[in-house]
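Novice: Below are the chains, spelled out letter by letter.
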Amino acid sequence: MATRVPTVSDLRVKLCYICREEERYDTSSDEPPRAWTHPCKCTLIAHESCLLKWIETSQGTTSRAPNALKCPQCGSEYELVSRETLMLKALNSGNKVFQKMGRLFTVFSAATVVGVVGSGFYILCTSYGAWAVRAFVGKEMFDTLLTDDPSNWPWTAFINLPLLPISLILSRFQTVSSMPPLIPILLVWPPAYPTGAQRRILSDHWLSSTDSDLSSHLLSPARSWPPSPVMFGLFVFPVVRIFYRHAFNRLYFWALGTQPAVPQTGRMGFQLNEGPFVIRIRANVQDGAGAPAGVDDVQNGQEAAPPAQVVAEARAAENQDPNAAAVAAAEHLIEVNAASLGRRIGGALLIPAISNLMGTLLFHLSKRSSLLRMFLGVRNRPMGSSLVDTLPFSYKREMENANFLKQFSLGLKLATSALWGNSRVWAEQDPVWWRNSIGLGLFVVAKDCIQLLHLYLAKRELESRHVKNRDFAGVDIRELDLIPSFPRPPQ
Amino acid sequence: MASISARRLAKELREIEGEGCPVGINLIKADDFATWWFTIEVMGDSLYQGEVHTLQFRFDPQYPISSPAVQFLVTDGRTAPVHPHVYSNGHICASILGNEWSPVLSVVAVCVTLQSMLASCKKKERPVDNDRYVRNAPDNPKKVCRFSDY
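Each protein sequence line maps, in turn, to chains A and B.
Residues in the first sequence are numbered consecutively from 1, following full-length UniProt numbering.
Residues in the second sequence are numbered consecutively from 1, following full-length UniProt numbering.
Calculated from the structure, these hints are not laboratory results.
Quick caveat: nothing in here was measured; it's all calculated off a predicted structure.
All C-beta atoms, glycine included, are put in the ideal place defined by N, C-alpha and C.
Straight line, CA to CA, 20 Å or less: simulated DMTMM-like cross-link-like pairs of lysine to aspartate or glutamate:
{"hint": "1", "chain 1": "B", "residue 1": "K11", "chain 2": "A", "residue 2": "E23"}
{"hint": "2", "chain 1": "A", "residue 1": "K468", "chain 2": "A", "residue 2": "E84"}
{"hint": "3", "chain 1": "B", "residue 1": "K123", "chain 2": "B", "residue 2": "D45"}
{"hint": "4", "chain 1": "B", "residue 1": "K11", "chain 2": "A", "residue 2": "E22"}
{"hint": "5", "chain 1": "B", "residue 1": "K142", "chain 2": "B", "residue 2": "D131"}
{"hint": "6", "chain 1": "A", "residue 1": "K468", "chain 2": "A", "residue 2": "E79"}
{"hint": "7", "chain 1": "A", "residue 1": "K70", "chain 2": "B", "residue 2": "E100"}
{"hint": "8", "chain 1": "A", "residue 1": "K41", "chain 2": "A", "residue 2": "E77"}
{"hint": "9", "chain 1": "A", "residue 1": "K89", "chain 2": "A", "residue 2": "E79"}
{"hint": "10", "chain 1": "A", "residue 1": "K14", "chain 2": "B", "residue 2": "E12"}
{"hint": "11", "chain 1": "A", "residue 1": "K41", "chain 2": "A", "residue 2": "E79"}
{"hint": "12", "chain 1": "B", "residue 1": "K122", "chain 2": "B", "residue 2": "D45"}
{"hint": "13", "chain 1": "A", "residue 1": "K41", "chain 2": "A", "residue 2": "E479"}
{"hint": "14", "chain 1": "A", "residue 1": "K468", "chain 2": "A", "residue 2": "D10"}
{"hint": "15", "chain 1": "B", "residue 1": "K11", "chain 2": "A", "residue 2": "E21"}
{"hint": "16", "chain 1": "A", "residue 1": "K14", "chain 2": "B", "residue 2": "E15"}
{"hint": "17", "chain 1": "B", "residue 1": "K142", "chain 2": "B", "residue 2": "D129"}
{"hint": "18", "chain 1": "B", "residue 1": "K122", "chain 2": "B", "residue 2": "E51"}
So the derived label-pair ranges between C-beta atoms look like this:
{"hint": "19", "chain 1": "A", "residue 1": "A68", "chain 2": "B", "residue 2": "N89", "range": "23 to 33 Å"}
{"hint": "20", "chain 1": "A", "residue 1": "F253", "chain 2": "B", "residue 2": "E17", "range": "40 to 50 Å"}
{"hint": "21", "chain 1": "B", "residue 1": "D32", "chain 2": "A", "residue 2": "R34", "range": "21 to 31 Å"}
{"hint": "22", "chain 1": "B", "residue 1": "T75", "chain 2": "A", "residue 2": "F158", "range": "53 to 63 Å"}
{"hint": "23", "chain 1": "B", "residue 1": "L73", "chain 2": "A", "residue 2": "H466", "range": "42 to 52 Å"}
Incomplete in silico selection of chain B near chain A, CB under 8 Å:
{"hint": "24", "residue": "I4"}
{"hint": "25", "residue": "R8"}
{"hint": "26", "residue": "K11"}
{"hint": "27", "residue": "P64"}
{"hint": "28", "residue": "N99"}
{"hint": "29", "residue": "S102"}
{"hint": "30", "residue": "V104"}
Next comes chain B alone, as it looks inside the complex (with noise of 0.2 Å):
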């Protein structure tokens, strides 16, 4: 018997094979049920017009009951989107990724969410305190912050 996380993520992975993703959402890899890439891109008027950056997502056993590890990729010429709520590595500060995650939310959820967060941005700039963050980052981006207004 496959595990619970692996049964829950064959069934959005059916989902989204069947239905497809939301607008400006790509699914680019799930070879298997630890790590799965998207692309993502803001549509419409935004600060972020023609910008498409990758989003990884990492599933450990637990999951639904564990957030998934959610960042965008900066290797191999991608880039992170400049925001107040994405460091420089990648590492996204948002709330629904840590504290508030719930096994409600599911992948494609969670990169509507990011989607938005993105759109509605008002000002390209990295946080306050990226240099630091940056230099003692954890491995972990679940870890990144406590509270946002995401």
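With the rest of the complex left out, here is chain A (with noise of 0.2 Å):
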């Protein structure tokens, strides 16, 4: 009679090799039972959560991860069922190709500061910083603030443009609370008006055109709309963001059933951090201990996990919830995967490129809706042909001829327009940098919303994970210590 293979269950007492707990196939624990899985071609089986856990703790770790399947005995593979979607695939792998560039930009960016030092760095920075405030507000802008040529430049664009590519990386590697990363953009800003040559065509070209009508100008929507820079950049954006992570903690609540965790501010004293919203803030907890040690190629999961991964289990155990680790357990396989210094940083540089992209998508739609091209404040008027008056230059000589109550107006206009922040030169100019700006803001919600979805997927494929329960076929049937029931092959 040919004899079925024993499996696990056929065991008359099983040992986890992880938990060393053991169970007898003849008594009856008052736990509920555990599932119990034989997942090599050795003798070792092991409570199947146990080994889930140990594999999922093996595969957060970069040096564990390549034996995170492997048996410790024998040395075969762990096959695991799980529903890993093709989505969920397709993010891995979207991420891996963003590693991979990410450290082909820290080693092409290594060479070239080897390569350009001093000066060359110099020179680097100060034209990424041109390079930037043009994609940020518009080649108009620019050739009225700074042009192409940089003997037209004002001194304090020789100190703002080389401090804004820094200014940019560095927002990336500050705590939630402080910078985001738009502001720099706003106020490390080269001067609001124009310079040299510009300067005497721009003002005798206010002073001549005296006749339109001031008031009416004033009031116009397209003067208070869009805010100036310096507003948005001080209150509007900062209040959005507040807004917007709010907002986004309760999509993060409903597609993961927890909530993010709460920033552990001044752990380090140092911090990476990704970006302005609370969904990284673990991961740069994790960043932050393995940073310092180097710059070339950071393999940081690898020394900064454990801490990480016991900060996040610790947590989930004290909450007693399940979900909150799993959550805990996704973003770090994830985060081992993203956490490259060079992706980071290159992805700041590129900051003024996506806004600038996105800005030109949002004029290209705003020719199809006019609602969007009144909210994006879009002016086609090219510099001089139909400029508004404002002060210095023809308020004088309207309020001069004013009677009294005319000029009490003019004084409350001009102190709202003051304090609104429109300065004349920002407010003539198709407003680049505020469909830029928007653009920008899009493109933050949509990543941070592939982010959200790539995290709810990761979770639900660790949830859905199963080891696959083998046979003991190929083992000795001799070695087991089998039930007294189980069929044996006669004598």
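Take the two lone chains, each set in its own frame, and fit them into one complex as the hints suggest.
Specialist: What follows is the structure, given as structure tokens:
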């Protein structure tokens, strides 16, 4: 009679090689029974939950990941069965591509910095700054403020421009409470008045065009919309960001069933921070420990993973919330693949290009929607064709021959306009910077949503995991401690 | 319900008390499931004849998923053995304490591995980067190094 091959459920005593708990076939424990698995080709068996936890932890540590699915005794591969959707695979491989590109960027920029030290670095930063400003405010504004010829630049530009890339990068390495990445571009700003030759042409023009109706221009929406860059950077943007983060946390809760982790500010003193949103914080704690070790191709996951993992696990244990633990694990898995310094810095430096791209996209879209056009404040009038009059040049004349009441109301309007922060140069031109900011905002939202989707899918994959159970084929049946009822081959 | 780490350590402790430690290894302190001390000496012919060193194990609540933090004690007159993989502050460079840790290993298995690491030593010397390492040594000995023969 051919005997069947025994499986893990035919063992008399089961001993988990991870937690060392035993279970005998004939005693029913009072606790709910736990699933057992025999995942390899030797006699080691384990609780499925213990094994999954071990696999998850090992996969989360770069140096251990290659051996995560190997039996420590016989070396055979564990087979995982899970719901790894096509979408998750695509997102995972997309993530890896970015990681590779980030590494290439690290190598490339390291070579560049070494080759072009000192002045070269300065020139690089300055031209990047000029490029960033140009990408962000549009060509028209750029020609007014700076022009392509550096000899026209005010001296401040030689300080502001090279600082721009640096502050862009720094904004990614700070805690969530400090500057968001957009602020440096808005505040480390070239002076908001025209340079040399341009200035004379402009002021001549302003002085000569006095016949237009002052009051109506002041009140027209085009004057106060969009808000000025300074106003936007200091007030509007932070407020929008707070609301956005709140809304995003709700979405996060809805999708993952747990709150994003509370940021652990100040724990490392120096934290790497990917973006303004809480979703990345835990990962940043992990990065913070590894990053100071070296700037070359950063393998931080490796060294710093245990603390992050411990923190996440401990928190999950405290809350008794398996959901939070699953999210932490999924986050951890994704972050290990994503934590490259090059990717981070490269991403920061691409911000102007991205916002320019998104702004252009919005501009093209606005050709089809007048509402969007109004919102973006798109103006097609080329410089100087139909300029609006305002202080200081033409107001003076108007003020002189106005009565008291009119003077008062004019003053009020002036004060409001000053508070709103409109400078003449900014107000008159097509606000490229505005649609670029909106575009960047949309980009950030889309990026966050994709990340959240990735996290959600990764979490679902983790939760659906099973280790494939095998029978004891290939193991000598006499080595196994089998239950008495197991049919034995005839002696 | 006690945590998994406490139950597993309790079981390992029962086994040690029941079956005893391998020759040359003695449990001297296991008051809780956080820190255990062993004395370790190399039996037979070796460079470390007559030396007795003290090993300290520290366990976190994730044990055995996370590896124990193992080092030689260098306080109160105890010393770390002079060995190419042992720093003078007691930290040990051994892959089974880091990357190659697996829950199939146990406290006694780690002791035995370290004992044989000492026994097979050919030349008593400190690691080449000992001074630099000891100056900036992290508190956690798990991060000592990534690659070694043991």
